[in-house]
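Protein sequence lines, in the order shown, are assigned to chains P and B. So the first sequence is numbered by my numbering: it starts at 89 and just counts up by one. So the second sequence is numbered by my numbering: it starts at 1229 and just counts up by one.
No lab work stands behind these hints: they were computed from the structure. Take the hints with a grain of salt, since some may be wrong.
[As the list claims (entries may be wrong)] Selected chain P positions facing chain B (in silico; Cβ < 10 Å):
#	residue
1	Val-92
2	Gly-129
3	Gly-131
4	Gln-133
5	Thr-193
[Stated by the list, open to error] Simulated coverage check for chain B against chain P, where a stretch passes if three residues somewhere in it have a Cβ under 8 Å from a Cβ of chain P:
#	stretch
6	1264-1270
7	1331-1340
[To be verified] Result set (DSS-like, lysine-lysine): computed pairs, CA atoms no more than 30 Å apart in a straight line:
#	chain 1	residue 1	chain 2	residue 2
8	P	Lys-165	P	Lys-148
9	B	Lys-1285	P	Lys-148
10	B	Lys-1285	B	Lys-1237
11	B	Lys-1237	P	Lys-140
12	P	Lys-165	P	Lys-140
13	B	Lys-1299	B	Lys-1237
The model shown is predicted, which means the values in this text are computed figures rather than measured ones. Glycine included, C-beta positions come from ideal geometry on N, C-alpha and C.
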Amino acid sequence: GDSVTQMEGPVTLSEEAFLTINCTYTATGYPSLFWYVQYPGEGLQLLLKATKADDKGSNKGFEATYRKETTSFHLEKGSVQVSDSAVYFCALSGGGTASKLTFGTGTRLQVTL
Amino acid sequence: NAGVTQTPKFQVLKTGQSMTLQCAQDMNHNSMYWYRQDPGMGLRLIYYSASEGTTDKGEVPNGYNVSRLNKREFSLRLESAAPSQTSVYFCASSERSGTSYNEQFFGPGTRLTVL
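Chain P on its own, in the form it takes in the complex (with noise of 0.2 Å):
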């Protein structure tokens, strides 16, 4: 089945600092790719997304490539903020009438002065 694997947290990086969040995907198909972030105490937002091979997704600063010949989806940001903590969740999507997602286990971003 559609799984997918990210880097182990917690990433505790410096603000203005480059931010690499890796993720690597198996699915059957062409699934859209997709990074959910949820910030302390609320629910998951869309940060990015992705639905073909090459798309580059993009939003706050925030980018990732969808490569088919590595099954990747990292995420990137130039120059992170305090503001950017949060958890980040790589998902993917197979298809079908009700578009399940399947989420990695999530990486928690701490951003300090």
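Add chain B to chain P, keeping to what the hints say.
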């Protein structure tokens, strides 16, 4: 728009008690979902409803039942709560799509503790 709303926000139950978690969305979405979130496990799908009148099991359905009351509402019921059901529960909704792209919108969650 309120988006996806869930009640209650917090609940403490004793083993064997029953309760229903409520979820409603005002985005006219066709599909709705219930997840549980446990430390180190990410989110796991409990049940989903692809459209009004249908429900299907997800990855971890045991111990739960659901009702798609109408297009807006999708409830999750624990008939006899167990400590293993201590978790944070999230409801989500999305437009039905024939393609794989389908953003889900999440509620704020219900934190449930079973003693």
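Hints, verified against the model:
1. Val-92: holds (8 Å)
2. Gly-129: holds (8 Å)
3. Gly-131: holds (4 Å)
4. Gln-133: Hint holds; Gln-133 of chain P Cβ to chain B Cβ min 7 Å, cut 10 Å.
5. Thr-193: holds (4 Å)
6. 1264-1270: holds (count 3)
7. 1331-1340: holds (count 7)
8. P:Lys-165 / P:Lys-148: holds (9 Å)
9. B:Lys-1285 / P:Lys-148: With a Cα-Cα distance of about 35 Å, the restraint between Lys-1285 of chain B and Lys-148 of chain P is violated, given a limit of 30 Å.
10. B:Lys-1285 / B:Lys-1237: Judged against 30 Å, a Cα distance of about 24 Å means the pair holds.
11. B:Lys-1237 / P:Lys-140: violated (37 Å)
12. P:Lys-165 / P:Lys-140: holds (21 Å)
13. B:Lys-1299 / B:Lys-1237: holds (22 Å)
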